[in-house]
Structure formats: C-alpha cells, structure tokens
Amino acid sequence: MSKVLENLLYSKSHEWCLVEGGVAKVGLTDYAQDSLGSVVYLDAGEVGDKVKQFAEFGAVESVKAASDLMAPVSGEIVEVNQEVLDNPELLNSDPYGHWIVKIKVSDEKELDNLLDAKGYRELLE
Amino acid sequence: MMFKYFPHTDADIQEMLKDVGLSSLDDLFADLPREVLYKGEPDLPEAHSESELRKKLRKLSEKNEKFVCFRGAGSYDVYTPAVIPALTSRQEFLTSYTPYQPEVSQGTLQYIFEFQSLICELTGLDISNASVYDGATAAMEAMFMAIAQTGRKKVLVSSALNPRVAAVLKTYARYRNVELVSIRTEDLRTSEKDLTSKLDENVAAVIVQNPNFFGTLETFGYVDAVHANKSLLILNVDPSTLPILKSPGEIGADIACGDGQTLGIPKNFGGPYVGFIAAREKLLRKMPGRICGLTNDTKGRRGFVLTLQAREQHIRREKATSNICSNQSLMALHTVIYMSLLGRQGMKEAARLAYNNAHYLEEKLLATGLFKRVSSAPFFKEFVLETALDVPALNRHLAEKGFLSGLDLGCLGPDFQGRMLFCATEVRTKEEIDAFVEAVKAYV
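Chains as they are written, first to last, in my numbering: chain A, 1 to 125; chain B, 1 to 444.
Please keep in mind that the hints were generated in silico from the structure rather than gathered at the bench. Be aware that one or more of the hints could be misleading.
[Stated by the list, open to error] Derived EDC-like pairs (lysine to aspartate or glutamate); straight-line CA-CA distance at most 20 Å: (1) A:K25 with A:E89; (2) B:K230 with B:E186; (3) B:K372 with B:D408; (4) B:K230 with A:E46; (5) A:K52 with A:D107; (6) B:K282 with A:E108; (7) B:K319 with A:D43; (8) B:K193 with B:D224; (9) B:K267 with B:E65; (10) B:K246 with B:E121; (11) B:K282 with A:D43; (12) B:K153 with A:E89; (13) B:K282 with A:E46; (14) A:K64 with B:E318; (15) B:K319 with A:D86; (16) A:K12 with A:E108; (17) B:K153 with A:E56; (18) A:K25 with A:E76; (19) B:K282 with A:D68; (20) B:K230 with A:D49; (21) A:K64 with B:D224; (22) B:K282 with A:D107.
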C-alpha cells in the first residue's frame, strides 16, 4: 500500500503539493515513484517558466518508463531543487521528503481542483 | 516445392497448421474478401539459370554510361579503399538486421559506439547517436530536436541549403505545423543581416549549411544573436571537410547534422547513404533514435548496450522527439572503417586534395575566358561560375566526351540561368581536370 500524507494536496496525475505563503512545493507521490521504478532523470523546467494547472512542465524518466510532470497549480516556477536533479533516486527513497519545484501560485482558488488525502486514497483504490 | 531461403519444411508447415487447427495455408487468409484476391497466374518471365541471369544483368549494366565526374551537389565521387567492401561484406555485418541485443551483438554495438565517438570528434560536439537514414532526414530530426527543446514552432532555413534537404524539411514541417522561413542568400552566402532581422521569440532554430550548396564557406557573425534569442543553431555539414575546417562545436552550433556519404561511400545511384547527428549534452534527452553506451557487465568486463531508451518512441510514445527505432548500421560501419583506415592525417590529406583539385579546376576554367566568377567568397570543393554558353548543350557535348559536367543551376530558377556548380573531389587527377577543360574548349 502506497503512503499518502494527511497534510498534502494531490493531483490525479500523482503529484503532491504543499502550499505555504502563496508558494507550492511540488513533488511526486509514493504511488508514482513505486509505479515508475528507479528514477534516473528529471527535467523540471527552469526558474521563471510559467506553468498551467494540469499541464506538463517537465518529465521524469525511470529505467523502464518516462512520464510527464504536470503542474498541480498555475503560476511561475520560483525554485528548482538541484539536489533532486542531481540525485533523482531520492524520489524513490523518500518521495515526500523531496520537493521538485516551487511554484508561486497565481490563483489559490485552483487548489479546490486538487484532492485531499482521503480523495487521493480513494483514487488509488 | 522447397526453396533454399525458406526455413520451414513441408512437414514443419503441416505441423504448424495442425496446431492452429487449419488444413491449408490458404485457410490462414480466409478473412480476406474473395473479390480482392488476384485470380489467374502472375505474368512473370520464365525462371533463368544462374548463367542466363548473369548475362542478362551484365547486359543491363552495360547500359550505364561511365563518366569522369565534375558534379557534386549532395552526392560526391569519393575514395573508397578496397578494404571497406571486403570487410562490410562479411555476413556478420552484411546480413544481420541491426541486432541490438547485447548478449549476441557486441561487435555491432561496438562499431556503433565507435561511429558515435568519431562523429563527436569530427563535429566537436558532446553527444551523437547510432546514425539516421540520410543527410536530409538528419536535418529533419535536428529540426524537431530544436522544436522539442525550445517549445517554439518557427525555423529559419538558409536558402543556400541543399534544395533536396530543404524539400524534406518542408514535407515534415507541413504535417507538424512548423513554420519555415527562408533566409536570403547574398554573394552565395547566407545573409547575416537577413538572418538576424528574422529572429523573434518564436524561432526554435536556424539551419545553415557549411560549406553551403554553392560550395561557399559561410560566415558566422550571428551566432551570439541566435543564442541571445534562445534559439538553436543547426549546422548541416559535409563531414569530409571537418578535418580542416572549424568544427560545428568551435563555431558555436548546438546541433550538427549531415550526410556521411563523403566518408568513402560510393555514389550508389543515390543511396544508401547514412545520416549523422551530434549535439551539445543539454540536448541529450531530445536526441532521436538509438544511442549506444559503454558499460561493465556483472563480472566487470567491458560491454556495449543501447542506453537512454526512455527518450524513444517505444517508451515515451507520442512525446518522443522522433519515431526512428533503427539506424543505418551497415553504412555507419562503412564510414567507421573509412575513418579508421585514413586516420586523422589521411582525412586531412583527402580534404586538402579535394580543396586543391577544385581550386585548380576553377583556375583552369577561368583561364579559358568562357567563364567568370559570381562571387569572391572562399569555397571548398564546389564553386559556381557564370557563362554565356548554352549550358544544356555544353553539358551534352561533355557527356559525349565522357564527362559528367557541373550542375546547370538553371534548375533553381531564372536568377540562376547561365550558372553552373562545378565540383572536384579528392579522386580527380590533374590529367582528368586538364582533359575536362580541353573538352570544354573544344565545344566552342
């Protein structure tokens, strides 16, 4: 059973998001990393990129699959986690401990389109 | 009836039919509507014996005219050391269909790896792939790499790019909604002014050929402007010129592409040739096709494998840069053997020979007083001259004398009437050039 944390919001495409002070930390869920297998490469866009909710902003590659990263909220990328880019396997060992990008949220109302822990758990079932 | 190349015996076939519960091979095609099936006997000539067939083919081949070649324009009369066909015709190479499984294909994978390494060294760039079909599709793949990398959909294309390569770009662009914008040519070179004036926030890439279709060496004063615009520079190059020209990497190109034909591949009536692509490392995830990597097996022994396959169509599906799942392996091997045989020094000498031959030919043609230059820009092994002579008639006369003369550029449009594109490669001799020029004089 994949881990789902209570305090986070989730997208149907298996990104998690934690909003603090108008900035969303975005990462991959435990379910996503488990389905992908060993992650070997991340393309997370660049600081300054404008992203749209549920649209692609990057890609994640594992030894057996490749998949797009979707933005859970619209806004602008304000930080990219270099530690994760350099060591993508961190997403396997501790998916909730490592955000991939920080997005400055342009419209907090969009958060209503995301799932809470209960909703995401139901999605996985 | 049994045929030598059919692997199954009648007994095999009967057994397989029995297994699937059918009684004849025709039952396998029972789903096909009767009305689309061909009825009657195919109209084929009688079977020939080997000696009859050889005679017939020899007769056919005697229809070919043999010319001393002074034409290039994308396909060149080049030096092919005898060792190459001897090695490439070994059945392990010749009849294997691009086998990529590392367990059984270390030889193939190793020469692919060496091909990539040699292309990187020639182009001065970081990464390369296992080869693509030909120079024109290499340019197309490079274009789509740039589009995938930048997220932009406009591409500036030099009008001094080989028109056949440009035509392939146009075909692909049409069905992928890419806007192609032509850059003017001035003095037989890509206009730097026109190029920079067309850079805008939609431009994914600029494609320039060097030496260009007219044989002229390009200038590159716009490289910084292209990069400042966050566009990529794609150089279409003739690899045989690179040992003595500035490499695409030194020039500042992001992607180099081209046709490997000039690396010892005979003209072959237009193909097969081999395309290559090299790029900066930041474009690695956008590189199309197969990439071969060097690794160690579980016992620590060196081995070669296909790598970074998550870029490719069978994994990334419609998001992949390209749908190529193969490479032009035998021709890539051909160029690997060519480069290994000649070595750095030999390739330099071949390039210098071609350069010197072409310049000697130009000098002799100008000395006849029948031709004049249209540009003073430096050229490599091809050049354009203008003449008041009737070009088609001149070329017919030269063909009767055994020469394939320069290309009549009138095919490009009215601006090019009376202009010819001549070429002399490393295999032309002084005697051949002198005889050609004498034959030109004899026409008048």
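- Which of the numbered hints are not met once you compare them with the structure shown? 2, 6, 12, 15, 21 and 22
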